[in-house]
Amino acid sequence: MKEIVKCKNLSKSFGEKRVLENIELNIQRGKIIGLLGKNGMGKSTLIKLIVGLLTPNSGEITVDGKKIGVESKKKISYLPERTYLDKTMKIEETIEFFDEFYDNFDKDKAFKLLKDLNLDRNTRISKMSKGMQEKLQLILVMSREADLYILDEPLGGVDPATRDYILDTILSNFGKDSSVLISTHLIADIERILDEVIFIENGKIVLTSDTDTLREEKNASIDEIFREMFKC
Amino acid sequence: MKFDFDNVRPIYLQLVEQLERYIVSGNLKPGDKLPSVRELAISSKTNPNTVQKALTELENLGLIYTERTNGKYVSTDETSIQKHGEKYAKVLTEKYLDDMTKLGFTIEQAKDYLNKFGGIK
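Sequence order for the protein chains is F and C.
For the first sequence, the working numbering assigns the number 1 to the initial residue and increments by one for each residue that follows.
For the second sequence, the working numbering assigns the number 1 to the initial residue and increments by one for each residue that follows.
These aren't lab readings, by the way, just hints derived from the structure by calculation.
Among the clues, some could well be false.
[Claimed, not checked] Facing chain F, from chain C, some residues (calculated, C-beta under 7 Å):
hint : residue
1    : N7
2    : V8
3    : P10
4    : I11
5    : Y12
6    : A41
7    : I42
8    : S43
9    : N49
10   : Q109
11   : K111
For every residue, glycine included, the Cβ atom is placed at its ideal position computed from N, Cα and C.
So that you can see chain C by itself, here it is in the shape it has in the complex (with noise of 0.2 Å):
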């Protein structure tokens, strides 16, 4: 697994942020079983500390579990896991409507530049 950090907001909420994404998108599936704390610390270059309240913060949003003395494994709720897809969802549209507005155009508009460029990739 691959992390990408700024140095300016807190490192755990990062964290949370990119688990969320690899079990969002399906990089990390329901049932998956997530690396160890060491593991990840390594990986992502963190401390294991922080690796821990990053791991606590995703138990509780109901996106990982633990399995006693085995180790952490991925929700196998897929409508929460899809719940927190459209929370994505929502504030990447948001962001892109907001920044189409701050540059003059209509909602609607926004909506026909989408139509128009969205099927090109």
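So that you can see chain F by itself, here it is in the shape it has in the complex (with noise of 0.2 Å):
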């Protein structure tokens, strides 16, 4: 199936106030899609729903045709905004619980990518600097064979260093068919490796669009249009 997360209508309140507002949204496989949009917005409410964190109002989400559910779960990798790590666990015990939670947990491939950090397996977690920290979880992430991944605010607070890593690690490890989609307000950061944007905006998607496609319309970048749109 060429679309792997299709969304119907969707809504979400918490109580009286409504967070997501007829969200239609289809994601095709083998691309890097950004998920922007200012803080409270909606976006990681959205994410959320994606991943079955949360159930909607009403709507409709499907993950390669099937609801969400324990398959769905299987097909998506996240990385949620705040780490979720036990930090009295070591960096080997850490992945040998990931190696045990999923079935398409690759440990080979983490402890490579481990190794070209130069980190110590040995290592205690509560022990690692944050950007460290960052990098482990996304590391655990990208190791996953999925077929979606879903980062929420990879970039927040992490330097520029840091960031290259990131964006490095999702370049060289999302295969051809799977596709990711990060949120972001740092768009600077990110744009060049997204094929298309989302703009979210009080719970409502206002723009979606292929990245060069609107840079030639707009002869601005990403950011500029972002900004332009979204002034406060």
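These two chains come separately, so use the hints to put the complex back together.
So, in structure tokens, the structure goes:
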């Protein structure tokens, strides 16, 4: 199936507050897609619906043609905004844990990526810097052979060298038929690797476009277009 | 290979231009094998689909060719590469003359300056 994710008329409220409204979204295979919006516009909520951490109030989501459930979770590798690793564990224990937990986890790949970082597998996570923890988490997420990688704000608060490492790791580890959905508000840092962008504002998708087409149309960078559209 | 982009113009076009320059300048020689799409994506920090699009464009321009299953190579048609070089020479010369005339110099003066300073490097 060409589409990996389909959202139809999706809405989500928390109590009285409408967070997402009538979201229509298709994610094709083989693409890197940016989910762009300011803070609090619904990016993380949309992601949590797709990964099955939240359920919609109305509408439908399918992953590879199937409703959200055990099967869909196998196909999606998700990097949440906040770390969920057990900090008392050592790196090696964490990798073993992932290996046991996920059928499609490639342990050799994880150790190889770890080696490139010169990280000792006996290091305890609590002893690692924030940047290192983020890199480890990305390695864990990208070492799963998934159909869709969803990265929620992978660049928040990292230095430029770490940012480059993250972009390289994404580029070199997603397969031909898989897709990557990256949510961020740091657009300038990432726009070059994006095939498509989705702009989200007040819980609604206001624009979806091929990035180079959009640049050509507006004669501006995605970052500039975004700033212009959503001026405070 | 090094690449440098601005985010304003389509990335694939900038990739086409920069690869074209590598070929015209002889940094990539006729018959040289090009890095794979993935390698180019990583070294240019762009998306593999963008690289693919740029390579298709270069192939349409006749600057590279695909050898089935074996990858992509720089064209061995040196006349065609030279023609692309001339295209660059024309663009750069026009730009120089345009800048000079905007500053109030005549074309003749611009040529004189070329003779006067062109030898110094």
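How the hints compare with the structure:
Look at N7 of chain C: its Cβ gets to within about 4 Å of chain F, closer than 7 Å, so that hint holds up. Because the smallest distance between the Cβ of V8 of chain C and any Cβ of chain F comes to about 5 Å, under 7 Å, the interface hint for this residue holds. Of the supplied interface hints, the one on P10 of chain C holds, with its beta-carbon coming within about 4 Å of a beta-carbon of chain F, less than 7 Å. The closest approach between the C-beta of I11 of chain C and any C-beta of chain F is roughly 6 Å, which is under the 7 Å cut-off, so the hint is satisfied.
With a cut of 7 Å, the hint placing Y12 of chain C at the interface with chain F holds, because the nearest CB-to-CB distance is about 6 Å. Residue-level restraint check for A41 of chain C holds (minimum Cβ-Cβ distance to chain F is 6 Å; threshold 7 Å). Residue-level restraint check for I42 of chain C holds (minimum Cβ-Cβ distance to chain F is 5 Å; threshold 7 Å). Because the closest C-beta pair between S43 of chain C and chain F is about 10 Å apart, greater than 7 Å, the hint is violated.
The closest approach between the C-beta of N49 of chain C and any C-beta of chain F is roughly 5 Å, which is under the 7 Å cut-off, so the hint is satisfied. Using the Cβ-Cβ criterion of 7 Å, the hint placing Q109 of chain C at the interface with chain F is not satisfied: the shortest such distance is roughly 34 Å. A least Cβ separation of about 34 Å between K111 of chain C and chain F goes past the 7 Å threshold, and the interface hint is therefore violated.
Hints 8, 10 and 11 from the list above are not met by this structure, while the remaining hints are.
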